[in-house]
Amino acid sequence: MKVHQERGWPNNAEEAIAIQQQLRKQVITTDDFGTVKYVAGVDAAYIEGDSITRAAVVVLSFPDLQVKDSAIATRPTSFPYVPGFLSFREVPAVLDALAKLSIAPDLILCDGQGIAHPHRFGLACHLGVLTEIPTIGAAKTLLIGKHAELPLERGSWQPLIDNGETIGAVLRTQKGVKPMYVSGGHRVSLPSAIDYVLRCAAKYRLPETTRMADRLSR
DNA sequence: GCGACAG
DNA sequence: ATCTTGTCGC
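The first sequence: position 73 = 72 (numbering that gives the first Met the number 0), numbered continuously.
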């Protein structure tokens, strides 16, 4: 698929913050997409210590979740890992992988936060704004926000709150498992984000999209 | 100043 | 993320 590769990249935290505050204005928090026929999962792995980043993208049909396409890309790691700036580390390689796809996904589930971020611009938002593809943030652990305890059954959820603002949701994708931290990325509302994550996590805690991408990136 | 801190 | 053995529980 076509991916705009031209983009400026920060060399330090200060520049990264400026980019986040600039691009966050472009984030759309409401649903802005049509029928979802293809859902993609993206993930990154690091090799050679920390010097090389390898990203993987897997496209699944929706709602049957069958693998239809995939791609991997490797490139020098572009940014160190700093909480709050994960996207600057993973997005470059992910864009390379997306460019190799034959099937353009209608929705992307990211292995990280969306709006549930200190500056409301997590990995999912960043990838969404740069590609204009609807995205959802589905992280395995918490970055920021507080929430109440939630029931053990699959599908139960509680709002994730920061400074009195609902920034996402804590969602139990399977009975008795640790919950997932879900938030909208770009062009996807929180209710829809919860719905899609739940429908993609049909059998395990992690969405099938993330599981497939994770397997490919290793 | 003391913790917290996506992957 | 990655480095790594055994071990608790269904």
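It is possible that some hints are incorrect.
Said to hold, decoys possible - Below are the DSSO-like pairs computed for lysine-lysine, each with C-alpha atoms no more than 30 Å apart in a straight line:
# : residue 1 : residue 2
1 : 67        : 145
2 : 99        : 202
3 : 99        : 24
4 : 1         : 36
5 : 67        : 202
In case anyone wonders, no lab produced these hints; they're calculated from the structure.
Each hint, compared with the structure:
1. Of the supplied pair hints, the one linking residue 67 and residue 145 is violated, its CA atoms being roughly 37 Å apart against a limit of 30 Å.
2. Using a Cα cut-off of 30 Å, the hinted pair residue 99 and residue 202 holds, with the two alpha carbons roughly 29 Å apart.
3. Proximity of residue 99 to residue 24 is assessed by CA-CA distance (about 28 Å); at most 30 Å being required, the pair is judged to hold.
4. Between residue 1 and residue 36, the direct Cα distance comes to roughly 18 Å. Compliance with the 30 Å bound is thereby established for this hinted pair.
5. Annotation: proposed proximity of residue 67 to residue 202 holds, straight-line Cα distance about 19 Å (limit 30 Å).
In summary, the structure is inconsistent with hint 1 from the numbered list given earlier, while agreeing with all the others.
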